[in-house]
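Engineer: Note that the protein sequences, when read in sequence, are chains A and B.
My numbering applies: residue 1 is where the first sequence begins, and numbers increase by one.
My numbering applies: residue 391 is where the second sequence begins, and numbers increase by one.
Careful: at least some of the hints might be erroneous.
Unchecked claim - Computed cross-link-like contacts, DSBU-like style, restricted to lysine-lysine with a CA-CA straight-line distance of at most 35 Å:
| hint | chain 1 | residue 1 | chain 2 | residue 2 |
| --- | --- | --- | --- | --- |
| 1 | B | K476 | B | K612 |
| 2 | A | K180 | B | K699 |
| 3 | A | K204 | B | K663 |
| 4 | A | K154 | B | K480 |
| 5 | B | K483 | A | K231 |
| 6 | A | K219 | B | K612 |
| 7 | A | K275 | A | K342 |
| 8 | B | K476 | A | K180 |
| 9 | A | K204 | B | K453 |
| 10 | B | K483 | A | K190 |
| 11 | B | K400 | A | K204 |
| 12 | A | K231 | A | K219 |
| 13 | B | K480 | B | K573 |
| 14 | B | K688 | A | K204 |
| 15 | A | K154 | B | K573 |
| 16 | B | K453 | A | K154 |
| 17 | B | K620 | A | K219 |
| 18 | A | K234 | B | K483 |
| 19 | A | K180 | B | K479 |
| 20 | B | K453 | A | K190 |
| 21 | A | K361 | A | K274 |
| 22 | B | K688 | B | K573 |
| 23 | B | K483 | A | K238 |
| 24 | B | K421 | B | K663 |
| 25 | A | K190 | B | K594 |
| 26 | A | K282 | A | K219 |
| 27 | B | K650 | A | K219 |
| 28 | B | K421 | A | K219 |
| 29 | B | K650 | B | K481 |
| 30 | B | K476 | A | K204 |
| 31 | A | K204 | B | K421 |
| 32 | B | K594 | B | K650 |
No lab work stands behind these hints: they were computed from the structure.
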Amino acid sequence: MEALDGNSAIAEAIKQIEPDVVVSYPQSPSILILEAIALFIANGEMDSEFLNVESDYSAMSTCIGVASSGGRVFTATASQGLALMHEALFIASSLRLPIVIGVTNRTLAAPINFNADHSDSMAQRDSGWIQIFSENSQEAYDNIIQAFKIAENKDVRTPVMVGIDSVVTSNLCENIHIQKNEEILEFENKSNPTYSVLDIENPKTVGSLCASDYFFEHKMNQNNGIENSRKVIKNVGKEFGDRFNRYYGYFETYELEDAEYAVILMSSSAGTAKKAVDEMRKRGEKVGLLKLRVFRPFPYKELRESLSNLKSIAVLDRVLTPGTYGGPLFIETMAALYNLDKRPLVYPYIYGLGGRDITLKHIENIFDDMKMAFDNGKGIPEIKYINLRE
Amino acid sequence: MVVLEELTKKEDLFVSGHGLCPGCGIPIILKLVLRATTHPIVIVNATGCLQISSTRFPLTSWKLNWIHSSSGNAASTISGIETMYKVLKKKGKLQTDTEIKFLAIVGDGGTNDIGFSSLSGAIERGHDFVYLCYDNQSYANSGGQCSSASPIGTSTSTTPTGKILPGKLQYRKDITRIIAAHKLPYVAQAAPWNWEDLYTKAGKAFNIEGPAYLNVLNPCPKTWGIPSDKSIELTRIAADTCIWPLYEIDGDNNIKLNYKPENKLPVTEWLKKQDRFEHLLNIENKWIVDEIQNEVDKNWNRLIYNEKKGINN
Numbered sequence: 001m002e003a004l005d006g007n008s009a010i011a012e013a014i015k016q017i018e019p020d021v022v023v024s025y026p027q028s029p030s031i032l033i034l035e036a037i038a039l040f041i042a043n044g045e046m047d048s049e050f051l052n053v054e055s056d057y058s059a060m061s062t063c064i065g066v067a068s069s070g071g072r073v074f075t076a077t078a079s080q081g082l083a084l085m086h087e088a089l090f091i092a093s094s095l096r097l098p099i100v101i102g103v104t105n106r107t108l109a110a111p112i113n114f115n116a117d118h119s120d121s122m123a124q125r126d127s128g129w130i131q132i133f134s135e136n137s138q139e140a141y142d143n144i145i146q147a148f149k150i151a152e153n154k155d156v157r158t159p160v161m162v163g164i165d166s167v168v169t170s171n172l173c174e175n176i177h178i179q180k181n182e183e184i185l186e187f188e189n190k191s192n193p194t195y196s197v198l199d200i201e202n203p204k205t206v207g208s209l210c211a212s213d214y215f216f217e218h219k220m221n222q223n224n225g226i227e228n229s230r231k232v233i234k235n236v237g238k239e240f241g242d243r244f245n246r247y248y249g250y251f252e253t254y255e256l257e258d259a260e261y262a263v264i265l266m267s268s269s270a271g272t273a274k275k276a277v278d279e280m281r282k283r284g285e286k287v288g289l290l291k292l293r294v295f296r297p298f299p300y301k302e303l304r305e306s307l308s309n310l311k312s313i314a315v316l317d318r319v320l321t322p323g324t325y326g327g328p329l330f331i332e333t334m335a336a337l338y339n340l341d342k343r344p345l346v347y348p349y350i351y352g353l354g355g356r357d358i359t360l361k362h363i364e365n366i367f368d369d370m371k372m373a374f375d376n377g378k379g380i381p382e383i384k385y386i387n388l389r390e
Numbered sequence: 391m392v393v394l395e396e397l398t399k400k401e402d403l404f405v406s407g408h409g410l411c412p413g414c415g416i417p418i419i420l421k422l423v424l425r426a427t428t429h430p431i432v433i434v435n436a437t438g439c440l441q442i443s444s445t446r447f448p449l450t451s452w453k454l455n456w457i458h459s460s461s462g463n464a465a466s467t468i469s470g471i472e473t474m475y476k477v478l479k480k481k482g483k484l485q486t487d488t489e490i491k492f493l494a495i496v497g498d499g500g501t502n503d504i505g506f507s508s509l510s511g512a513i514e515r516g517h518d519f520v521y522l523c524y525d526n527q528s529y530a531n532s533g534g535q536c537s538s539a540s541p542i543g544t545s546t547s548t549t550p551t552g553k554i555l556p557g558k559l560q561y562r563k564d565i566t567r568i569i570a571a572h573k574l575p576y577v578a579q580a581a582p583w584n585w586e587d588l589y590t591k592a593g594k595a596f597n598i599e600g601p602a603y604l605n606v607l608n609p610c611p612k613t614w615g616i617p618s619d620k621s622i623e624l625t626r627i628a629a630d631t632c633i634w635p636l637y638e639i640d641g642d643n644n645i646k647l648n649y650k651p652e653n654k655l656p657v658t659e660w661l662k663k664q665d666r667f668e669h670l671l672n673i674e675n676k677w678i679v680d681e682i683q684n685e686v687d688k689n690w691n692r693l694i695y696n697e698k699k700g701i702n703n
């Protein structure tokens, strides 16, 4: 066991994977990942090229260059930085480049704020990237290691962003298991790239102009990659578990088997929610939790199986998407369940913006509210905001 | 000495079938530049006329490895490719023993404006690549909008001449000078009328280790308002009026003027042949013509002085 914060856990994983190139532009708090990597390289503990570039947009563009040359590449960013990458993210996924980035999920300005919420990653949810969210340092480490294997799978070839909550996870220490270097190398076993612009014997035109006659087919090919990742994510999570005894799937269920009421959320708040479930279970309440790990591809079929027998669900989104009925997690969960004959009632909650605390009490109140609303006759759930001044 | 006939015998790596306009300077510039090295070339092409016209899927005009990422990131994309090349070389994993050259090709919008920080950063990091800007002084691909390479007084679709405005009111960025301030191993300005000079400069740019920048005046019949058979001639007038001096600066700050007109022509000779400057010849816009002449003279004198004194900028 080693005591590492989320940033250091990611840096440790990258040290072991040793990508060909690491690209760096400072954003808080993700820069701590890159600083740690720079120091590993400076001390001769890992052998990767380290490039300091002049913006997050250029960081992603440089990653595109490395990956299109068949290289393994990593960068980390947060908040405004991820927003600035936006345009290039679409290009990376469309060119089927297995880039992996670490995102310390931090809210978007204005007003500027350095704490956690999922605004940055959620704004990229349609960029064609696989999106994985981590509860703690251990998951941050494990998810980064799995991310390369998922991204580089020949049927997938799709970039992956791994999120950890800013400050709460990125900067707080926890004891975690670090695997041996050789275990990681054996697990990763890098496959050959599908193409490389450095392959001068086989010249290729990459990133052509494509009009309406072929564009749709190209986009569907890209979509096949992320659809194929469903199986690969599952297999990689199982293989990881078989080797290291920590199993991963699209989501983690907690006391959900016989539950009547459940909360769905992502990332660090799951720790608090598990504790709240424990407390309520002690009082005989049939409550449970579903912590979503993979937001893209969205595991709608598996969610149906896990959720359809519940009476009601509270979906907690740590992002405000102005003008919508609930956040993205709520909307996608609703869409997954709507066509079922028998489905739970789903309540939209927004919480934790800009690092606003969510406590045991808040989650217990959500269960109580949901139960009361259900018992008092169904009605149409309205959006509720947790721990917000009136 | 370069023999044109010899050049014609070299293989074309950019072939016909592309959709560039008649009279466009790009294919001419490109064929010269691509012939200037015997090494394999990997190209990053920013969004623009060339990219759009040469790669309509499923066709391509390129017989070499070519990648397009976006409009503002050619230099950072090539940074990644060149770095990966070095990694593979270091690890002994390259599939070829031949040294590969890297060429970014970008218009003036992608160079002076949206890709400026990307270019500046790549030069600062010292990647080994050639950056070729084809400077047609506007966003020609999207229909001829004003760029920061558009000269003062230009009528563009976003700085149109109207009842009260005479076109663009700002000076253009002197991008070659700005890049030269980065103190890189090689910077040059060229134009297709002097094919031998352009070819020689491209050869130097490829041979030099580290970043090299070529700014080439690219005549655009569509946005300049000139007949397509006059485009190359126009670039010569640009040199004879000293609007577009041909020069180069090496890593030791030695500046060399490669063409000094025997008869320096007044800028009106350049302006009057193009529809985009037509309005400047009206008497009420004489002040703009005077300003252009003044600036051109100052710049030309500066270059002559710098050449004599061995000053970079």
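Engineer: Now tell me if each hint is right for this structure.
Structural biologist: Verification of the supplied hints:
Restraint check for K476/B and K612/B: not satisfied, since their Cα atoms lie roughly 41 Å apart, outside the 35 Å limit. For a cut-off of 35 Å, the pair hint linking K180/A to K699/B is broken: about 62 Å separates their Cα positions. A distance of roughly 41 Å separates the Cα atoms of K204/A and K663/B; the hinted pair therefore is violated under the 35 Å criterion. For a cut-off of 35 Å, the pair hint linking K154/A to K480/B stands: about 26 Å separates their Cα positions.
A hinted pair counts as satisfied when its Cα atoms are at most 35 Å apart, and K483/B with K231/A qualifies at roughly 32 Å. Distance restraint check for K219/A and K612/B: the Cα-Cα separation of roughly 33 Å lies within the 35 Å cut-off, and the hinted pair is therefore satisfied. Distance restraint check for K275/A and K342/A: the Cα-Cα separation of roughly 29 Å lies within the 35 Å cut-off, and the hinted pair is therefore satisfied. The straight-line distance between the Cα atoms of K476/B and K180/A is roughly 29 Å, inside the 35 Å bound, and the hint therefore holds.
Of the supplied pair hints, the one linking K204/A and K453/B holds, its CA atoms being roughly 8 Å apart against a limit of 35 Å. A C-alpha spacing of about 14 Å is found between K483/B and K190/A, which places the hinted pair at or below 35 Å, so the restraint holds. Between the alpha carbons of K400/B and K204/A the distance comes to roughly 21 Å, so the proposed pair stays at or under 35 Å and holds. For the hint pairing K231/A with K219/A, the CA-to-CA distance comes to about 20 Å; that is within 35 Å, so the pair holds.
Pair hint K480/B plus K573/B holds up; C-alpha atoms about 27 Å apart against a cutoff of 35 Å. Pair hint K688/B plus K204/A does not hold up; C-alpha atoms about 46 Å apart against a cutoff of 35 Å. Proposed proximity of K154/A and K573/B is contradicted: the alpha carbons are some 44 Å apart, above 35 Å. Note on K453/B and K154/A: the hinted pairing holds, with a Cα-Cα distance of about 26 Å set against a maximum of 35 Å.
Between K620/B and K219/A the alpha-carbon distance is near 42 Å, which puts this suggested pair outside the 35 Å criterion. Under the criterion of a C-alpha separation no larger than 35 Å, the hint pairing K234/A with K483/B is consistent with the structure, at around 32 Å. The suggested pairing of K180/A with K479/B holds, with an alpha-carbon distance near 28 Å, which does not exceed 35 Å. Proposed proximity of K453/B and K190/A is supported: the alpha carbons are some 30 Å apart, at most 35 Å.
Of the supplied pair hints, the one linking K361/A and K274/A holds, its CA atoms being roughly 12 Å apart against a limit of 35 Å. As the CA atoms of K688/B and K573/B are separated by approximately 22 Å, the hinted pair is consistent with the 35 Å bound. Taking the CA atoms of K483/B and K238/A, the gap is about 32 Å. The hint holds against a cut of 35 Å. Restraint check for K421/B and K663/B: the C-alpha separation of about 27 Å stays at or below 35 Å, so the hint holds.
The suggested pairing of K190/A with K594/B is violated, with an alpha-carbon distance near 39 Å, which exceeds 35 Å. Annotation: proposed proximity of K282/A to K219/A is violated, straight-line Cα distance about 50 Å (limit 35 Å). A hinted pair counts as satisfied when its Cα atoms are at most 35 Å apart, and K650/B with K219/A does not qualify at roughly 53 Å. At most 35 Å may separate the alpha-carbon atoms for a hinted pair to count; K421/B and K219/A meet this at roughly 33 Å.
Of the supplied pair hints, the one linking K650/B and K481/B is violated, its CA atoms being roughly 48 Å apart against a limit of 35 Å. Of the supplied pair hints, the one linking K476/B and K204/A holds, its CA atoms being roughly 20 Å apart against a limit of 35 Å. At roughly 19 Å between alpha-carbon atoms, K204/A and K421/B fall within 35 Å of each other, so this suggested pair holds. Of the pairs offered as hints, the one joining K594/B and K650/B holds, with about 21 Å between alpha carbons and a cut-off of 35 Å not exceeded.
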